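Number of protein chains: 2
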Amino acid sequence: MPPYAAVLMTGRPDGACLVAANYFDTHRETLDGALAAIDSRGFWSAYPEVPSKRIYGEDARGEGMAAWKGRLGKTFGIDQPGVVGTVNAESSPYGIETNIDYPSVDLNQLLPAACVAMDSWKRASIDERTGVCLEILDRLNKRSFEMAFAVMHTTGQGFMMAFQAGGPHAQDRGLEAIAYAWRAMKACPESATWSKRVSKTETVTLQKTWRIVPRGVAVTVGCSTFPTWNGYPGIFASLVTGNAVIVKPHPGAVLPLAMTVEIAREVLAEAGFDANLMTLACDSFDEPVAQELVVRDDVAIVDFTGGNAFGDWIEANATQARVYSEKAGVNTVVLDGCDDVRAMTGNLAFSLCLYSGQMCTSPQNIFIPESGIDTPEGVLSFDDTCAALVQALDWFLSDPARANEVLGAIQSPATLDRQAAAKGAGGIVLRDGVAVPHERFDAARLSSPLIIQVDEGDTTLFEQEHFGPVVYIVKTASTSRSIEIAADGAKRLGGLTAALWTRSDDVIDAAVDAFTDAGVALSVNLTGQIWVNQSAAFSDFHVSGANPSGNATLCDAAFVSDRFRTVATRIPVPAPVEEAAC
Amino acid sequence: MPPYAAVLMTGRPDGACLVAANYFDTHRETLDGALAAIDSRGFWSAYPEVPSKRIYGEDARGEGMAAWKGRLGKTFGIDQPGVVGTVNAESSPYGIETNIDYPSVDLNQLLPAACVAMDSWKRASIDERTGVCLEILDRLNKRSFEMAFAVMHTTGQGFMMAFQAGGPHAQDRGLEAIAYAWRAMKACPESATWSKRVSKTETVTLQKTWRIVPRGVAVTVGCSTFPTWNGYPGIFASLVTGNAVIVKPHPGAVLPLAMTVEIAREVLAEAGFDANLMTLACDSFDEPVAQELVVRDDVAIVDFTGGNAFGDWIEANATQARVYSEKAGVNTVVLDGCDDVRAMTGNLAFSLCLYSGQMCTSPQNIFIPESGIDTPEGVLSFDDTCAALVQALDWFLSDPARANEVLGAIQSPATLDRQAAAKGAGGIVLRDGVAVPHERFDAARLSSPLIIQVDEGDTTLFEQEHFGPVVYIVKTASTSRSIEIAADGAKRLGGLTAALWTRSDDVIDAAVDAFTDAGVALSVNLTGQIWVNQSAAFSDFHVSGANPSGNATLCDAAFVSDRFRTVATRIPVPAPVEEAAC
Chain A
818 MPPYAAVLMT
828 GRPDGACLVA
838 ANYFDTHRET
848 LDGALAAIDS
858 RGFWSAYPEV
868 PSKRIYGEDA
878 RGEGMAAWKG
888 RLGKTFGIDQ
898 PGVVGTVNAE
908 SSPYGIETNI
918 DYPSVDLNQL
928 LPAACVAMDS
938 WKRASIDERT
948 GVCLEILDRL
958 NKRSFEMAFA
968 VMHTTGQGFM
978 MAFQAGGPHA
988 QDRGLEAIAY
998 AWRAMKACPE
1008 SATWSKRVSK
1018 TETVTLQKTW
1028 RIVPRGVAVT
1038 VGCSTFPTWN
1048 GYPGIFASLV
1058 TGNAVIVKPH
1068 PGAVLPLAMT
1078 VEIAREVLAE
1088 AGFDANLMTL
1098 ACDSFDEPVA
1108 QELVVRDDVA
1118 IVDFTGGNAF
1128 GDWIEANATQ
1138 ARVYSEKAGV
1148 NTVVLDGCDD
1158 VRAMTGNLAF
1168 SLCLYSGQMC
1178 TSPQNIFIPE
1188 SGIDTPEGVL
1198 SFDDTCAALV
1208 QALDWFLSDP
1218 ARANEVLGAI
1228 QSPATLDRQA
1238 AAKGAGGIVL
1248 RDGVAVPHER
1258 FDAARLSSPL
1268 IIQVDEGDTT
1278 LFEQEHFGPV
1288 VYIVKTASTS
1298 RSIEIAADGA
1308 KRLGGLTAAL
1318 WTRSDDVIDA
1328 AVDAFTDAGV
1338 ALSVNLTGQI
1348 WVNQSAAFSD
1358 FHVSGANPSG
1368 NATLCDAAFV
1378 SDRFRTVATR
1388 IPVPAPVEEA
1398 AC
Chain B
818 MPPYAAVLMT
828 GRPDGACLVA
838 ANYFDTHRET
848 LDGALAAIDS
858 RGFWSAYPEV
868 PSKRIYGEDA
878 RGEGMAAWKG
888 RLGKTFGIDQ
898 PGVVGTVNAE
908 SSPYGIETNI
918 DYPSVDLNQL
928 LPAACVAMDS
938 WKRASIDERT
948 GVCLEILDRL
958 NKRSFEMAFA
968 VMHTTGQGFM
978 MAFQAGGPHA
988 QDRGLEAIAY
998 AWRAMKACPE
1008 SATWSKRVSK
1018 TETVTLQKTW
1028 RIVPRGVAVT
1038 VGCSTFPTWN
1048 GYPGIFASLV
1058 TGNAVIVKPH
1068 PGAVLPLAMT
1078 VEIAREVLAE
1088 AGFDANLMTL
1098 ACDSFDEPVA
1108 QELVVRDDVA
1118 IVDFTGGNAF
1128 GDWIEANATQ
1138 ARVYSEKAGV
1148 NTVVLDGCDD
1158 VRAMTGNLAF
1168 SLCLYSGQMC
1178 TSPQNIFIPE
1188 SGIDTPEGVL
1198 SFDDTCAALV
1208 QALDWFLSDP
1218 ARANEVLGAI
1228 QSPATLDRQA
1238 AAKGAGGIVL
1248 RDGVAVPHER
1258 FDAARLSSPL
1268 IIQVDEGDTT
1278 LFEQEHFGPV
1288 VYIVKTASTS
1298 RSIEIAADGA
1308 KRLGGLTAAL
1318 WTRSDDVIDA
1328 AVDAFTDAGV
1338 ALSVNLTGQI
1348 WVNQSAAFSD
1358 FHVSGANPSG
1368 NATLCDAAFV
1378 SDRFRTVATR
1388 IPVPAPVEEA
1398 AC
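Keeping their order, the protein sequence lines are chains A and B.
Numbered according to the working numbering, the first sequence spans residues 818 to 1399.
Numbered according to the working numbering, the second sequence spans residues 818 to 1399.
Don't read these hints as lab results, they were simulated from the structure.
You can trust all of the hints, since none of them are fake.
Keeping only pairs whose Cα atoms sit at most 30 Å apart, straight-line, the calculated DSSO-like set for lysine-lysine is: (1) K959/A - K870/A; (2) K959/B - K1003/B; (3) K1017/A - K959/B; (4) K1003/B - K1308/A; (5) K1017/A - K870/B.
In this text the structure is predicted, and so the values were computed from the model without any measurement.
With these hints in hand, go ahead and build the complete structure from the sequences.
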């Protein structure tokens, strides 16, 4: 290897960054586990989802709660450029006073700082950047209880979901993105010897070296319901590939991402890099900053999770950037039959209640043939099937503690307005959506799911996303018609998940063809402790990118491989001995 | 595995397509070689670049020429939907009469046919689609002589370049794209068993299956200079991932891509698939069809090679599609010093003459410090360096046969107009660009390179692409200034290649940093049979995507992995024995 080859590879003759290299060694096993998992796609998790003392420590919950409480009523301190004031638009769906002031920023100061921060970061080795990102995730994992309370009291999730989806599951999704990005960057060697016989007497030999070049500044526009789970993949995929990341949280769910930025900046600084590789850009509902931010020339990547209106606007206007979007979709359920009515309705009722339909994977439209469904006891009529489902909901919500925990709170008052509007819009109300008291938080905003029965012709009612606790039961002419309407709707309106219950392999085959072509992940005959809403890191792709609900998939190669580029240098060197010999 | 798992994987209970499967087996070694090559990035080629009888057959050249001549003066026959007339805008830069009528199409018939064609193709297995694409490449390789004449008499390339770049090298680039796409599709298994312990007593086990889903109709907008070399990567990447491809050749260089479509349709039909997976959409300069085509709703992918104006328009308007572009750039040379002036000027002179600067990798601006360059014999003054370069060109062009073969012909009269305009625009003409007679074709359109000396302040002259035989020698204050101007220009205007000659490792380090950050592939101190214009499949990335010269890289994961999506189905199955046991 010529003397300057080592320099060419990293551009840093002064050698590797020891702290970052150590981080990589420390977390190498975690990375290897993730790399194996994305190949096998069997069950795997790096960060324990059980909030147990044994795993997280005897006092972890108490310390986490104390740390979270310690942030309330104060200004969120962050030492970054461009802080010009504070905003405070966050409130707990559980009705308690959080009152945290977050920094508002001047983009004209923040963006240049983000650009400068990439200078040393882009010269670090792939493993060094990966080590830093893995250390950030590890520290986030240790703070999972604090994060759980931050997520619970911004999104309205029940504690268990807030802990799991906001903590370990989000961390797993971040790790998954890092694993894909690491593999994508390693796909090209840092250097190679290219030797070609160009004539009987001459062999040309070139030393080729390749460097990873970041795209530029990445912006993550966070959502209000799963700020970390939806945010981490883009944040870590962009950071590990050499880009600087500006995090723009949803004004109503800031703390989880603000904590993330805080921890990331700590690790970056400790590793000797510019902490401005990760910065915070907060705004308010009255003075949003995202529209101005995402179209700036320096912004090369945008990750967006949220509604169609703004998502479509970003895709149409941020043409200077590579935009990864997760937008709305209408998720569907097709009931054709089942082996155990109670098991089916119990599983479905849980899916309908879970976080009050505020998951992008929550089912909204349930298609049931007018002729009823097939069961071992014979046909269960349409009306009896509806009644069985309502009964399952009644039973599920009859236990206040269970109802509180699973329903969670409604993140935004607008969601309750949507529910009220849906109630008045038409159809037969089979079960009303009513306020549900919370055992511990008097002012909490909870509601039971509103169940409305409509006919397949009432497309104006059910062929739109009613984000929140709104469920339509659609009476159809047949199961094949149910599949047709559901799949066609997903193609036109977007859709992330579909659930099917049936006793017929032919129906399964037809549904798989239809929903696969519509880009919808299909779950068949689920019972017990697994629900259609669930999307497991390392195994389930979240958002197919094959319908209008978004173009980004968590996680696949397409999600990471365009966040960096590879640039080569080639220099003649003496031919390898064996070549020279002949 | 549950009985329907096999069905779920491919959606084709009737089993695999035997012909396609056989193609895959036949060409498996070729694919394996390509997969190994994109990992090592050392020299490798699947298709021999030497037009020798021993390799291609005793009569290959004669048969190829006869086959090509047999097409002249006739209508190019193609049995595809939507053919409504003919267009004829092609002419040989060598001045001979070709006069081929090509089909003009009605997009309202062509697009639906392309959509329908994907129905069975998307259900084929990854290996089946790959086998078909490899068979197409194999047949194209066997037709390399016929292709060479088709490329020569549309692009104006000399015969040797037309054979190599139009044939084997283009086929290698296509194979490279197939290899990346095959790996990207195989990254997710077709099926997996996901088993998770959800409680002390319950384990949930799901059979998960994944299918590849194409994005939709892909359109390749061909260029006039390297229609196959620039076209094959996108064409084969889209086809192998399940999409239908509509090929829209440049009106002035139709035959090479028309032949490609013809051969692809033969193979697709023989394998039992819909030949309309690959169709031809020809147009004329007067009635272009590309603008209407690329914005159609059914078009999900666009591959474009050509000028900035139309490329920028497509990127701004074809927002319904994923656009991969290769646009213009200004390529640069920095002269700081060299160990052998004759070797350096000889190598550079060849690069300047090769295909008369009509390669997107051709150097245009040569930066030389006013203080001259460093040589073993001492400083060579600026004027003497210019003189040495001009002398090298004089010698090179002094042999008519050599000059004819290397210069090739000028593809478009507009290129000669640009040369004339550049001559009149300013600067000192060091060597005039003049008509060069061709030994065999009296009416051939040949020109020698125009060499103009300017100062670094004359940015309005040299900071734009003068596609064709126009070279600027820019006198700069210093080599560091040369690097600064060249790299900065690439960031703003785009640039694919840079060449540096120097005797200083410090200059190499500075140049590598500057050009890498500008997204430009740098070649250092080239002499002998290797030139900056050359981009080798399986080793050299063509277009970094890191500056305005384009967003597509031939080839990397980003170029292929977003041409398809992956959609899942999950169904409960009995827990694996070892799980059930515990």
